[in-house]
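Student: Protein chains in written order, with our numbering: chain A, 3 to 200; chain B, 108 to 365.
In case anyone wonders, no lab produced these hints; they're calculated from the structure. Just so you know, even glycine gets a beta-carbon here, dropped at the ideal spot from N, CA and C. Among the clues, some could well be false.
What the hints assert, rightly or not - Okay, the calculated bits of chain B under chain A, using three or more residues with CB under 8 Å as the criterion:
(1) 171-177
(2) 298-308
To be verified - Some chain A residues well away from chain B (every beta-carbon gap over 12 Å; in silico):
(3) P114
(4) R179
(5) T184
(6) Q193
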Amino acid sequence: MKSKIVLYGLGFAVLLVLAALALIVTDNRKSSSEVVPSSNPVAPVTAIPTVNATGTALRGTPGTPPPGLFDSKTTPGLITGMPAIKPRLNSTNKSTPTFTEQDVKDYVAAHPDLPRTKSEVPPTVTKVEFITYQEAKKREGGAVYGKGIPDDQLLCFAELSGNFTMYGPPAGAASARKMSFTKTTLVFNAQTGNALTL
Amino acid sequence: MTFFVSHSGKASKVAIILILLSLGLIANPSPAKAWYYCGTSDARCYGINEWPGLQHGGYTNLSIVQMSSTNIINNTIWNIRTSGRFAWIEVGEIFIGGELWYYWEYELDPNPRIGVRLLTRVPPGDIGQIAFMGTILNTPNWSFSSCGISTWIAGISVPSSGYDVNICVPLYGFSPDYLTIGQELQGSSDTPTNAPIASFTRNKYADLGSNQLYDQFGIAPGEPRSISVPQGSPPYGYWYTLPQPFQTSGDFRTYCCA
């Protein structure tokens, strides 16, 4: 029964399209375009506009984003992060860490709560890696901080294990969606100890 | 100004409407909906406006406000995909860890959590200023040089402070079906939080077919201008100025928590 209704619905849609096309062909044979003065600066109607319930076009004039919004020259070094692990080793360059794997474990043990994620049990650090941002970009598949971090900046990736849950934003009738997972990652600047993710 | 249109006969208009009605049976472009939601077990509440429909990103002009909370509060623009693998990308200002930051985040279920990515502290001079912020799919039409084609770009630009950042987001094949703006509050109703009125204007979306940016749709006839929020359950979101076709994309406002 359900499938019949769907078939009838689709058939009706096809018939409407065919009827509309027939009307367009007929109409185009009768006349050509005209220019109509309007107080609204809109582009020639060349595509099917988005409409509201009454058939009124709502989309308006196409535009471009503000200069720099998606194509800026991000200042190198702009991404500094929030103070987290206290540096305790001497380092004068970006490629040498100022803390150790144990420091990371101590930090996570002292700060087991992740701001937007719940963990049923305190998370444990299962892996710590020190890699450059250049390497991190390959791993993450993109320049996730743009030029805000120098390519040769050493970063610290800490993999955490636990029983985590977090909620995504709600959409439509659906409530915020719960996601469960057992691994997550924290990222630190290996020179300053600052957290780049929370 | 001139408006070019083939108005030589009513038949064309009727035809176009018929086509749109037909297509509407398959993919109905819905108007915006302002609403309030609160109810996740980790106590996140939202005063938001959402526009359903496939798009390739968008942006908003957000007035930056000095927020504070013993928990987390943010003014944000989200692109959300609800069909298939749930995923989203968001960019905005957030009060977290006792400080106000620009941030972005993306998550792809069931991948491990990525988390809030801090960009930079909001400079004091940005308070009260307008920040452009949003996300967009970098198509050949745009060809933004900051990131590769087919990647998503998250951007924040605050002309007043010269703060300008682009982030290349490796969300290949991401087709969001909701574009949402508004405020998110994490914490219970007695969480001390303050967020002055923030304004979301010039709300644009990147059209799927034409790869152009357009003003967001008007909200549906009869849709309430403000939303009913239970007492003691902020944050609040409302249309201060409704979107008007061909005129403005509205002024959506949020605040918390008095």
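Student: Each hint should be assessed against the structure and marked as holding or not.
Tutor: Status of the hints after comparison with the structure:
| no. | hint | in the structure |
| --- | --- | --- |
| 1 | 171-177 | violated (count 0) |
| 2 | 298-308 | violated (count 0) |
| 3 | P114 | 15 Å, holds |
| 4 | R179 | 5 Å, violated |
| 5 | T184 | 8 Å, violated |
| 6 | Q193 | 16 Å, holds |
Checked against the numbered hints listed earlier, the structure breaks hints 1, 2, 4, 5; every other hint is satisfied.
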